[in-house]
Amino acid sequence: MLPAFPLTRRAPLRRTWAAVSLLAGALLAIPSQAETPAALPSLTLQAGMHLIQAEVAATPDTRQTGLMHRKTLAPNAGMLFVFEEEDVRCFWMRNTYIPLSIAFLDREGRIVNIADMQPLNDTPHCSADPVALALEMPQGWFAERGFAPGAILRGLPAPVTP
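Residue numbers (the numbering used here): 1 to 162.
Listed next, with one range per pair, are the computed distances between beta-carbon atoms:
hint, residue 1, residue 2, range
1, R107, S42, 18 to 26 Å
2, E85, E144, 30 to 38 Å
3, H69, R154, 24 to 32 Å
4, R110, K71, 28 to 36 Å
5, G150, A39, 32 to 40 Å
6, R94, M49, 28 to 36 Å
7, N113, P157, 19 to 27 Å
8, D122, P60, 15 to 23 Å
9, Q46, N121, 24 to 32 Å
10, D122, R154, 29 to 37 Å
Simulated from the structure, these hints should not be mistaken for laboratory data. These figures come from a predicted structure and were not determined experimentally. A virtual CB, placed ideally from N, CA and C, is assigned to each residue, including glycine.
Given these sequences and hints, build the entire structure.
Now the structure itself:
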């Protein structure tokens with residue numbers, strides 16, 4: 001039986017291996033589904049004179065994933081976590097590459113406390129009081145704009161109902 005490629009003709013074999021290598025490299029470069037952020041609904045929040053474009057994580061799965069696997073975040077973009085009820089909420093940065101600041105918010109949008117979180121770190125950062133909302137922004141965003149506990153954000157959705 002004859003081979004699919006004549007062994008005396010190396011050029012077609014080299015081209016075939018080159019094509020296979022390129023295809024394999026391209027496939028390895030494609031992020032896995034777990035690394036590709038799903039499209040989430042977004043809304044515009046108002047913090048004083050600043051507008052924030054926030055993706056909304058309002059389900060257990062989207063809240064668990066959050067900003068994991070992202071490499072960049074626009075300067076006035078963030079993620080708003082919406083919970084069914086107020087409780088002490090804790091966040092960490094597993095598989096999160098972007099340094100973030102998190103503001104824990106009560107139902108009226110009042111900042112309870114703010115924490116800076118380091119990438120790829122499992123140290124928990126918790127709300128000082130029970131909250132129903134949390135907003136992650138690029139690290140330093142709140143401090144650079146003078147926001148501290150007691151400041152109010154507008155445009156927040158109603159808490160999720162179970």
